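**Student:** Below, each chain spelled out in residue letters.
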Amino acid sequence: MKRKVLVIGWDAADWKAIDPLMDQGLMPNLERLVNSGVRGRMATLDPPLSPMLWTSIATGKRPYKHGILGFTELAPDGKTVRPVTNAHRKVKAIWNILTQEGAKTHVLGWWPSHPAEPINGIMVSNFYQRASRPMSEPWPMMPGTVHPPELREHFAKLRIHPAELTAAHIAPFVPDFAKVNQDKEKALENLARILADCSTVQAAATWVLEEQPWDLMCVYFDAIDHFAHGFMKFNPPRRPHIPEREYELFKGVMTAGYRYHDLMLGRLLELAGEDATVMLISDHGFHPDHLRPLALPKEPAGPAREHSPFGIFCLKGPGIKKDALIHGAGLLDVTPTLLALFGLPVARDMDGKPLMDVFEELPVPKVIDSWENVEGECGMHPRNAAAEAFSEMDREALQQLVELGYIDDPGPEPEKASIKTVRENRYYLAKAYLDGGKREEGIAELRELFKEAPDQARYGRELVGALLRSAQLAEARTAYDHLLVECEKEHERLRAEELAKEDGKDKGTFTVAPGLRVLGSSVLMAEGRHQEALAVIEQLVLLPRFADPLQAQLARTLGAMGRWPRALDAYRNALRHDPQDVHAHHGAGVAAMRTGDLGVATEHLHDALALRFDLPYVHYHLGECYFQLKEYERALQAFTVCLRIEPGIERARRKVAEIQQLLGLPETEGTGIPQTPTIPEEEIITVVSGLPRSGTSMMMQALVAGGAVPFTDDQRPADASNPNGYFEHAAVKGMAKDARFLALARGKTIKVVAPLLPFLPPRFRYRIVFMERDMHEVLGSQDTMLGRKSSRGPKNAFRVGLHDAYTKQLAAMDRWEKANPNAEVVRVSYANVIADPADEMARVQVALGGKLDVAAMARAVEPALYRTKA
Amino acid sequence: MDTNKKAPLRPAFRAPDGTSFEVTAEGSLSLLALGYRGLMAWRAKRIEVADLKGKAPKKQ
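Protein chains in written order, with the numbering used here: chain A, 1 to 870; chain B, 871 to 930.
Think about it this way: if two alpha-carbon atoms lie no more than 35 angstroms apart in a straight line, the pair counts; the simulated DSBU-like pairs of lysine-lysine are: (1) A:K505 <-> A:K420; (2) A:K353 <-> A:K2; (3) B:K915 <-> A:K157; (4) A:K233 <-> A:K184; (5) A:K298 <-> A:K233; (6) A:K179 <-> A:K16; (7) A:K366 <-> A:K438; (8) A:K321 <-> A:K65; (9) A:K157 <-> B:K923; (10) A:K251 <-> A:K298; (11) B:K923 <-> A:K179; (12) A:K298 <-> A:K16; (13) A:K420 <-> A:K489; (14) A:K186 <-> A:K16; (15) A:K251 <-> A:K184; (16) A:K733 <-> A:K489; (17) A:K438 <-> A:K748; (18) A:K251 <-> A:K157; (19) B:K915 <-> A:K251; (20) A:K184 <-> B:K923; (21) A:K157 <-> A:K186; (22) B:K915 <-> A:K179; (23) A:K186 <-> B:K923; (24) A:K451 <-> A:K507; (25) B:K915 <-> A:K184; (26) B:K915 <-> A:K186; (27) A:K438 <-> A:K416.
None of these hints come from the bench; they were simulated from the model. On a predicted model such as this, the values are computed, not experimentally measured, just so you know.
Only chain B is shown next, with the shape it has when bound in the complex (with noise of 0.2 angstroms):
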């Protein structure tokens, strides 16, 4: 059976027209149109922006 090359994790996220952009706690159309590595840096984000204002948010 044929493996795929894994895509690899950017260190930087680039919206796939290639223009970079910031990960924050909003999120962005960019972030989730990135699909599930999108998904995980933004809510990665929330609970440490939470987490400096010493408030989790509700984990999904």
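So that you can see chain A by itself, here it is in the shape it has in the complex (with noise of 0.2 angstroms):
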């Protein structure tokens, strides 16, 4: 049988505040639709905005792929600001492709589907259902809102003005709807308005359910965000900051707003039929709870604070499995999934994958690279084509996102406003670009952004934040510092704005924000300065409203200090107050793991897996428990689902390896292992390093011995400490505050001590041969040779502190090396090498590519030179 597929997007819906409902027999459609099927979470992406969400969901792809970056773009002129249309879209959507495949398609206001593209099917843009002005004055169509054309008169006479609207359709949301004072509050107003709007929607797409053919209908309803960003702070329980004469009138409103759309998903459900395919879903959630936010930021964009991580899935239809739960979905599988369900192949160039728990019998999938290349009339608009000018109508949705508080007024100064849409755009894409892991690539952005706009304290935040990331400790400090210096001028600018108002009032001297100074304590903790980073973390946790959302920063602190039952107690407190913290489950499992309660970590790591399935670490850290519960099979499962989603984590890969040697079984291929990408030796650095006096130069010598060619400037002479040179370049000591000399060493070997590593910037692949040596070796190598240097002799050479300094340096080599899949290390005994040359050499020359001459290494080792012994 054919299969008919209707996908229907509820814009913020979450099941936390749906569950509640429909226990209490208020939403009887949807509970039949979730119990004739599959239901389950759906991970968001970041940023959470809507416009760049739903174009995910239609394409599989990532923003940075798809090219949609906000709620706003520059109109053709370049000077103007308008809301997003799908003129930047780079890529096909699900529509597209079923387009090219002869499917009938119909798209009903996604968001951003304005102008209507020419699919094999209808399409009513986004732009359909606004009103624009009074009932009694025309209400013209935008060109380009409906296609096919000719369809475009039928489609007006569906629209709902709120005008229209009577009382008989407010009270079920405001049943004292006579007490507002319409002439001051707007509140009935925006109500009337959204559901205007979401039933205008459900006209149209009941009357294409009813008279058109179709195989795929996907139809939008924006509606249950915007009753959530202007009511949910009413609804139950009361919190103190609400006055209660709002609340009594307006608590209502979700409540109703989730059983309308249980209304209108009851007829379309009856129109699809009982054989269609129906998947409902949305792209994020909005917290209804305790986790709604007292304030929101004033920043463009601020209202999705109030969003939650997870939207919902739900998909019922001949071979879907029935009332069952599935774990781990995420809004980049639809596309990959739908495809599934249409037989048709998924291409490796999305980002999701098909939902295969979802089915009752495993479909064969079938790979193709890319569906950008297949030719044929997809319906797509030409690439680059700017859609229409500037109108009146676009004012109106711009106008709508200004008052849902998504963007600033453009105000009389329209050319200002296109700097920070464009601006803003470039940060969400920079956000985009960290979600997907590609760090540098949004490093690089935010970068650019936080020199141009310095005021802009989220661009700081949000570079430091991806910095420590990273790895890249010294420039999160000079940019956190200099994120605090940009903060106290913002600050005193406003306080001299304030004073010179008449009846303006001093705000007072500079404080450090608590969000900073959390900040600034990841900062600390990144440093090392464990105890002053809790210090900051246990001052502010004292204060209630931070007690609980802080749990899970004092969690990591204590974490990272080793303390792993408090850090436990902490993660389950953090969890006590968000249970769906993804991130507290993952820490949680690990302190677990740490204690050696190994049971409680896999349930803790299974829970976060549960939420969100692409996290490589978490996979990597089952897999070490399995690994330490002597489960090898779970083991090594969790570690090659960690590859296949992460393929640079060589830890993750020596564990694959020693599993399968451990069970006897056969290599990585044929597992699903995606092998490293293979990086051509010329962009490869070949980095030696180690503590001072561990035989750095020593293994320089050996490696330019069997070929490498070294990147040094011989600037150091020869000494007696190191008869046969050193091998060193001035620009490494540099390298904290200049890298770029880095360029040039690519393709060749270069010495740099091991407290300058984490100073390497991500944007190379390095292979870094860490030379180990004994520690009371390296300082008497050190005494001995400081003292050569001394006039006074060995006796005067200084070593306390040292041993402890050097320890810590080495766990902070240990942490840089977790923390960069960019970086290949293989540590070598200079033991082992002066007892056995060759053999080292010979594991050395492996790790560094085979192309080295072993014998010429080893003949290069000059014992005779090991004169400091323990």
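Each of the two chains sits in its own frame; use the hints to bring them together as a complex.
**Tutor:** This is the structure in structure tokens:
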């Protein structure tokens, strides 16, 4: 039987709000859908902004691939701002792929879908439903709203004007509506507008379902998101800052909104027919509970802070499991799953995967490289086609985004607004890069943004966070200190502005806001200043409003200090505050593992994966747990999944090899683990590192003898400590400030002492030969060298505190290695090199690509220079 | 290409939850949720009532 698929989008729908209503029997149609199919949470993307998300849903690709980057975009004149259109979408959506395959496909209201694309079916754009003028005036429809154009007049008649609604429509939402002073309060007007808009989409959708043949039908409703931004704050229970009167008036709006959607769903299910496959999804959730923010940041897209990270997913239909739960779905998986439902191949250039768990019988997966290269009419607008010029209708849609608080009013100077728009979209692009694991691209964009607009603290905050996550500690510190200076400047500017007013109040001197202090504690933690970091957090958690939200940060700090039992307690507190905190589940899993409670650890790690399946380190730690439990097959599976998500995690690759050896299994080939992408030798920088006097010069000499090309300036002459030379380059010492010279070291071998390793920029690929030598020998050798340099002899050499400092540096090296998948580290024992140069050099040669002359390397080792022994 | 069986327009309006209801000039959420058929029925009712009162409502 040919499959028909109805996709219904409910922007911002959240199981946390829905489940209590279903339990009370208030959403019977959704309950029926859930019981006859599968349900699950659907992880959103960052940033959680709807036009970007719904485009990712429809394309299976992240924003930096699909090109939709915010709520607004520049009009073709390059000067004015308009609501986002589909003109900048660079890739095919599911409706284009199905058009190409000859399927009858309809799309209604999708965001963004203006101007309507000439697909094999009907497309009604998201500019369709909005009434822009009073009901007494004409209500023109913007050109490009409907495809095919001959249906334009028909669809125009299905639009419902807010003023057409009556008390009978409003009363279920606000029973005491008569108490609302409509001259002063806009709440009822907004409510009527939202209701009219979604009812218009329902009218159009029901007409299409009833009157047109269809294979795929996608219909999108934005009303739950809009109801929630306006009225979720009044949802029970009442919080102290919500006025009693408003609470009593509007406390039922969200329930009524969800119930109305359930009614609409019932009609759509009825028209789709029993045999149809129906998918109901949301792009993100919306906190209905104690996680509702008390205030929103005064920045563009600030209201998105009210979104929760998990939307909903339901699917029912022939061949789909019944009354089943699925875990780990993400919104990038929607299009691949739709393709699998239609028996079409999933493309490798998509970022999601088909949700195979939904099928009663697994379909045979088909794969192609990309749908972008598949020829045929797909109904997409020509590339770079600009949508029609700015119009009155655009301004109305723009005004709505302003009213919702998503964007600032462009004001009387549209050119300024256009600069802001371009910048804001670059910020969202940077966040999308970071969310997609493209750290360097994200950091590069944020660096530029923070440089251009240092008064925008969020650019700086995001930059510091990204630098910390990619272990670029020195720049993170510099950026953080700069951020504090800029925040103080901005404070003083606002303070002066306020004081200049007649009734202005003095805002007082600058104090570092709690959010910035938390960020500062992360910087301290990364620098190894754990006690100071802990002191900051412990002080903040004493404040009632931070006691719960900061438990996860407290736990991370304690974990970094190795205080695992306390860290586990703090993670548990964090999970009591937010049971859907993926990172707290992950942290609790690691903490429990470190305390030896492997059962609890696996539970938390599985909980994390049930929420988000795409986190490679959660799989890695689960693998570690199973490995410790000697459940090698499960461990192998976890490490394998880890590598499928992030092939660059060498630790996981080593574990896979270890388990394969333990179980006597064949090697990686055929297990589905992608090979590490082959990087040309001329792109790789070979780094010889270790503590000073750990044998780094000896290793450099051996590698050069074996055929490696050294990157050295020969400025430091050979001496008695290193009679064969130091093989150093002076630029390395200044690497913390300027590492651009490393571009010249590609394909060569460079010496970098261990304390400077964290300053290696992640944009290059490294093979690191790390020399390990007994610490007492290292210190003794340094004594000897310093003494030799001193005219007063070796007895005056100074070593107090060095042992501890070096131990800390080695620990920092370990942390850096874990955070940098772009570096492969081979650890070489100085003692082994001396004892058996041929054997040890053979190992080094393999790790460095197998092209060096082992015999020559071994010959270059001079055991006679092993003079300081422990 | 697959064609659809058209859903029959039932003689009495029923809400998607199966309960029947009367089409009134004031309208209702159940009518709106029915989509275009509910919308058309509501608008027809308003015209009918207005005609009875000798005053037609504004056309959409």
